[in-house]
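In order, the protein sequence lines correspond to chains A and B. Take 1 as the starting number for the first sequence in the numbering used here and just add one per residue. Take 257 as the starting number for the second sequence in the numbering used here and just add one per residue.
Just to be clear, a hint being listed does not mean it is correct.
[As the list claims (entries may be wrong)] Simulated restraints on C-beta separations:
1) A:F78 <-> B:R360: 18 to 28 Å
2) A:R188 <-> B:Q311: 33 to 43 Å
3) A:K193 <-> B:R360: 21 to 31 Å
4) A:A216 <-> B:D321: 21 to 31 Å
5) B:A307 <-> A:V135: 18 to 28 Å
6) A:Y155 <-> B:K423: 16 to 26 Å
7) B:E350 <-> A:W195: 37 to 47 Å
[Unchecked claim] Coverage of chain B stretches by chain A, computed from C-beta distances (three or more under 8 Å per stretch; other residues unrestricted):
8) 282-291
9) 331-343
10) 362-369
11) 376-390
12) 401-407
13) 414-420
Worth flagging that the hints you see were computed from the coordinates, not collected in a lab. Since the model is a prediction, treat every value here as computed from it, not as a measurement. Backbone N, C-alpha and C fix where the C-beta goes; we use that ideal spot for every residue, glycine too.
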Amino acid sequence: MDMIAPLAKTGMISSSLNLWLAVPIGFVFGFALFHAGFTDSRRIAWAFYFKDVGVPVVMFSAIATGMLGLWGLSLIGFLDISMVYMLPTFLLPMAVGGLIFGLGMVIGGYCPGTAAASIATGKIDAVVFIVGFLVGSLVFGDFFPVWGDFYNSNYMGAYRLDQWLGIGLGTTVLLVVLIAVGGTIFMRFVQNKVWPSTETDPQEKQVVKLQGALIAVAVTIGFVFAFFPSERFIDDHVETPYYIVPKTTVMPGNSE
Amino acid sequence: MKFGTRWPPVPAGILIGISMLLAFVVAGRGIGASGAMTRFVAWVQHGLFPAATEQSAYFGKYFADGAHPLNDYVVFLLVGLLIGSFVAAWLSGELRVEVLRGPRSSIAYRLVLALAGGVLAGFAARLARGCTSGQGLVGGAELSVGAWVFLMCIFVGGWMAAWFVRKQWI
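This is chain B alone, in the form it adopts within the complex:
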């Protein structure tokens, strides 16, 4: 059987699960994406306002004892993720510069909502101590109560807003 570009969901999910399992076995921790992005903004802000960032209650820990915020597991993981996705898209002939949106959505409408959604998700990922992968998938596998509550609330929140942004997608 040939899968082509888009695999059926179960084998695709199993491969994501295997990457998580590899991280458990090798590093004793899970995978994640949002942590690297938090470290990235901390690093950028540190370039502009070093003292304030080092004293920040939240970002300060990334600079403790002269540490570099980007010298961390999650950053290496993100680099691998970018390469992996790039190679998969390249091998499938799907590398294309474009704005993905529903048939009734203009490019401007899509980009404004992408920005707004990003701000909300960025704030929420920090509040929940992780995103879909780092908190949801990893915590889900670890049977964490908080992670399962987080996952269920993602779908509740998504369904609540779905009707209002339907023109963007369907």
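For reference, chain A alone in the conformation it holds in the complex:
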């Protein structure tokens, strides 16, 4: 059966139209980042003090939405998942990268997407953060031979949590949703303990109801997924070793 999506790869739309459609998609992303409060460096940094746990909750919600949509559209046969670029795992470089990135986030108050969005709202500290970010990227690229071996080490392919855990993909999706919900409740609890709120929000009850309903929908979809075997979501026999960036020579079109 021919699937419709991804539109750019099934030939439904041209590659130049695909490029231009990235602008409205980015628009939605930037619009949402602002309303999440992510253009404010204080809100991002406060996550690390449990003063405002909005950041992890937004991230959990975004991941759950993307995850349920991606695997759900594959399940119903709308999206050909073999044409979706799956991120590869390089375990240790990503762990070390995450640690340094976390340091950068609490010291600098942003990550690149939120800083760019914040520049668009006029924030000077975001401009300075991005200047630093560009310098850091440049240093990484110009001295690439120094850490190129480490960068390419621990390659595990597009290695997924369900493969690592040895359980079904649908069950893993359900598990991630439940961890997101549990994490959200736990972090709200810690925030209320450490930084008890002094103001009362008149909308509080409505907001709790709305968010509770959205979470219930996500958990329900997760339970439905858990009934399907992994093969219904993805056919695992394609290995793509093209993520390795050679340390010294670049052979365009050869390595990719």
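With chain A's structure known, arrange chain B on it following the hints.
Showing chain B alone in chain A's frame:
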């Protein structure tokens, strides 16, 4: 119910998730921000040192076969992100030139740390092959083991340093 400027976290996160899902469905790839910035520095350096940049092990691939580094999906995405955030702030009356910082922080202290944090995050995003969005959110949705390790390590790293820079924020 009116949300106002700052939406509750779950609906805000869902809209970010929808933008990611749109990219999956339309382009067969995720969203991201750091890739465009890497291409930007490669482009600037290429203007100053064209030969060296084209031969660079890391940046060279952006110039393969006469390609322009800024003619790429992630750059169009970033342009849209800038417009989207600008429009959202404008509609909310929140366009203001200012330096955001905690009540005990001076402007100079904040800006020095913003620069230092940016350098660290810029280096780390390249090492991890993506940032919070391109690696963390997208990889998280794809159930990538590396992305989940990356996300957890971000919070570990952040908590480790939080105490030392607390005067900047709280």
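Consistency of the hints with the structure:
At roughly 52 Å, the beta carbons of A:F78 and B:R360 sit outside the given window of 18 to 28 Å. At roughly 52 Å, the beta carbons of A:R188 and B:Q311 sit outside the given window of 33 to 43 Å. At roughly 23 Å, the beta-carbon separation of A:K193 and B:R360 lies within the given 21 to 31 Å, and the hint holds. The beta-carbon spacing between A:A216 and B:D321, approximately 51 Å, falls outside the hinted interval of 21 to 31 Å.
For B:A307 and A:V135, the Cβ-Cβ distance of about 22 Å falls inside the hinted range of 18 to 28 Å, so the restraint holds. A C-beta distance of roughly 41 Å is found between A:Y155 and B:K423, which places it outside the suggested range of 16 to 26 Å. Checked against the hint of 37 to 47 Å, the C-beta distance between B:E350 and A:W195 comes to roughly 24 Å, which is inconsistent with it. A stretch counts as covered by a chain when three or more of its residues have a beta carbon under 8 Å from one of that chain; for the stretch 282-291 of chain B and chain A the count is 9, and the coverage holds.
Counting residues of the stretch 331-343 of chain B whose C-beta sits closer than 8 Å to any C-beta of chain A gives 12, which meets the bar of three, so the coverage hint holds. Interface restraint, the stretch 362-369 of chain B with chain A: holds (3 residues with C-beta to C-beta distance below 8 Å; minimum three). Counting residues of the stretch 376-390 of chain B whose CB lies closer than 8 Å to any CB of chain A gives 14, which reaches the minimum of 3, so the coverage claim holds. Note: the stretch 401-407 of chain B has 7 residues with beta-carbon separation from chain A under 8 Å; the three-residue rule is met and the coverage holds.
Coverage of the stretch 414-420 of chain B by chain A holds. Counting CB-CB distances below 8 Å, 5 residues qualify, and the rule asks for three or more.
Hint violations for this structure: numbers 1, 2, 4, 6 and 7, all remaining hints satisfied.
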